[in-house]
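Enquirer: Chains as they are written, first to last, in the numbering used here: chain A, 2 to 423; chain B, 2 to 423.
Check before you lean on any hint, since a few could be wrong.
Since the list gives no way to pick out one identical chain from another, each pair is judged satisfied if it fits inside one copy or across any two copies.
Claimed, not checked - Okay, derived cross-link-like pairs now, DSSO-like style, lysine-lysine, Cα gap no bigger than 30 Å in a straight line:
| id | residue 1 | residue 2 |
| --- | --- | --- |
| 1 | Lys356 | Lys266 |
| 2 | Lys3 | Lys55 |
| 3 | Lys144 | Lys55 |
| 4 | Lys322 | Lys265 |
| 5 | Lys388 | Lys361 |
| 6 | Lys340 | Lys269 |
| 7 | Lys269 | Lys361 |
| 8 | Lys322 | Lys340 |
These aren't lab readings, by the way, just hints derived from the structure by calculation.
2 protein chains.
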Amino acid sequence: MKAEIISVGTELLLGQVVNSDTAYVARELAALGFDIRYTCTVGDNAQRLAETLKNAFAHSDIVVTTGGLGPTDDDLTKQTCAAAAGKKLCCHEETRRRLEAYFEGRVCGPSQLNQAMLPQGCTVFPNDHGTAPGCGLTTEEGKILLMLPGPPRELVPMLRNYAVPYLSRWADGVIFSTSIRAFGIGEGSAAEKISDLMQGANPTAATYALENEMYVRVTAKAKTKEAAQALCDPLAEKVRQRLGGFVYGTDVASLEVVVVEELKKQHKLLATAESCTGGLLAQRITDIAGASQVFHMGLVTYSNAVKNLLLDVPQEILDTKGAVSPETAFAMAQGVRQKAHADFGVGITGVAGPKTSEEKPVGYILIALDDGERTYLRTMTGRGGRKDRDYLRHLASSNALDMLRRRLLGLPGIETAAYESR
Amino acid sequence: MKAEIISVGTELLLGQVVNSDTAYVARELAALGFDIRYTCTVGDNAQRLAETLKNAFAHSDIVVTTGGLGPTDDDLTKQTCAAAAGKKLCCHEETRRRLEAYFEGRVCGPSQLNQAMLPQGCTVFPNDHGTAPGCGLTTEEGKILLMLPGPPRELVPMLRNYAVPYLSRWADGVIFSTSIRAFGIGEGSAAEKISDLMQGANPTAATYALENEMYVRVTAKAKTKEAAQALCDPLAEKVRQRLGGFVYGTDVASLEVVVVEELKKQHKLLATAESCTGGLLAQRITDIAGASQVFHMGLVTYSNAVKNLLLDVPQEILDTKGAVSPETAFAMAQGVRQKAHADFGVGITGVAGPKTSEEKPVGYILIALDDGERTYLRTMTGRGGRKDRDYLRHLASSNALDMLRRRLLGLPGIETAAYESR
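Extracted from the complex, chain A is given alone in its bound form (with noise of 0.2 Å):
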């Protein structure tokens, strides 16, 4: 079946809002097995919203809205919904009983009883994290027509908990989607790897961009969760071979929680010495609950003297080679893992610009990682590429996630940079 999103407010038009209900709506249609073609937003206009409605009624099965349930007077969706249904709105006394119970002892006025007022004959959703409620019903057209609203808080469970089963009761099957994650290769190289494998139609697979890496997802749709699964699992299977090692895992939500993951299974204690990321890959893993199993000390090293007095940076690299030198960013993953008694130390040093320092090109940089026996080193040149201050910190943490990810798990290509040399 058809489904259209549209979306209610003025102030979505302006953009002084991101629309996020969109894609909340979108996703659990989706996952339905509803065949999304087209969403739309309007302002809060009754004429424009009837026209809308008329047309998305003359492409789609299934129309949900989004907003313009409040109390307030531009909330017009649910009469402008009603008339192009072909109801009448009349006053739903359970919602009437729970709105009077809501406002116990402050003013409950005719504008927010007004909210009780919903179409003839609906199904309506009780909005637990709010006043309006929300509805669902069949047109005069035998169309279906779903009526949510906007405040993600109260849209989200809303959805979850009653839109949902109530249009389960349509859905011909279900969509199945799995997401491989990969870091250290671009989109574009990604897909001629794998040309050949987006070209089916049931399951499908598709690239994407993300700042830094890219990732793969493989859909499907079968009768039941379990046989759209199985229809993506060997293409996914194939997918993972051709990227190799670039892949650092499948449906998870970024490369530091596969690390700590790892450090955690394998019992390792990490600590970092940063100088051009100023604490960014430290933050990072920090971001991770449970982080602190695994790491324990994390330094930002921004002078020289700081170098020395902390890491044990030698006065002399220093001097003969500078602070950004493959010198230094040894003697910072050295000394900080040993600072530390930890397992492995990282040590970044760079320019990450605007300004360049000691005569090295915006976007050198240099990240160290020592594992007590050797000290593998990774060099972003510089040369080419994007030169903007957040990117180039970024890709430096995220390289120095890679190692580490390279390093436990005995892949090679520990010391090849990202986005250089390939």
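Starting from the known structure of chain A, arrange chain B on it as the hints suggest.
Expert: Frame of chain A; chain B shown alone:
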């Protein structure tokens, strides 16, 4: 003039990605005085996009697309838009040279070079943060069509630097706006303080919520930029007076920018010791180019042993008061200030969740600021409010920055935590 925004991308229709592009574009179009009545999203499907473009040109004078400009096969916005506009694609030499320079030393395949193929006679918008350029053109029927990339970090600067100047020739009058940024006051409370100032039509004042912050945007429309600014200035000044010490800047990028600039101005050195924020404060400070003038040392002390080792936090305090205690925060701030020979030391310790520790509630976070003469303490009690880890870590680092700002500027309220005791 009427404008419409079309976002292209199956990932948006499936709800895999929240569409923030529409809001970015809508805000700029509204600021130019264009009338946006409708926005929509279509998948990576040439036929659906062609239909949608046809409808859009029937209703609007200006159509802006976002997304689908990349190098892969499902990026079909350019071909489809060019066809709808009655234009051929031809190679844009400057873009081709730019792409070759970008990929210097790396593989730059035909799909990458395809990004230099642009509609004949268009105005090219260079992509300063990626590979796919955007463009603007007038169709054979006299409509204005712009194509912009999907990734926000490419879209936003292109919009500001190239698309808005391109569109401004059609704007009737100029919109000027100025943003007054505040920390420590909620959007609702701020709106109450300035409700009478929010009633005007030109200039207007409106409140917006940001993560942990809020801002007031004052906007006016006039014949020239100078005339519009002259309308804004007195209202902006009134807003600043009403919000008082909560205001940290006007048209500034962030709280950390203001703090780093003020430290530079006063030639002061800052050092940080972080537990539950895990380096986020150091990372926010070093995000600002030139931070090395005012920041040399940041420590992430994620265990008691490290707090003792690096900061000389007395073992007795850790044993009797606990790692999450005002005494530990004091000792961290004092210890790191002394160790770094800095003017200011910040110490942060607390429970960011999801697990509690030492029987303290999630959200109980202590932030100490030591200036060598006095140590200030801000306490986030963890009572009420949001409990998610990212939010709490960000709010704690913002509280630290706000303490520094108030101390540097001699403002009261150094020890008053945001969103707690107000």
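Enquirer: Where does the structure disagree with the numbered hints, that is, which hint numbers, in rising order?
Expert: The structure conflicts with no hint, since it agrees with every one listed earlier.
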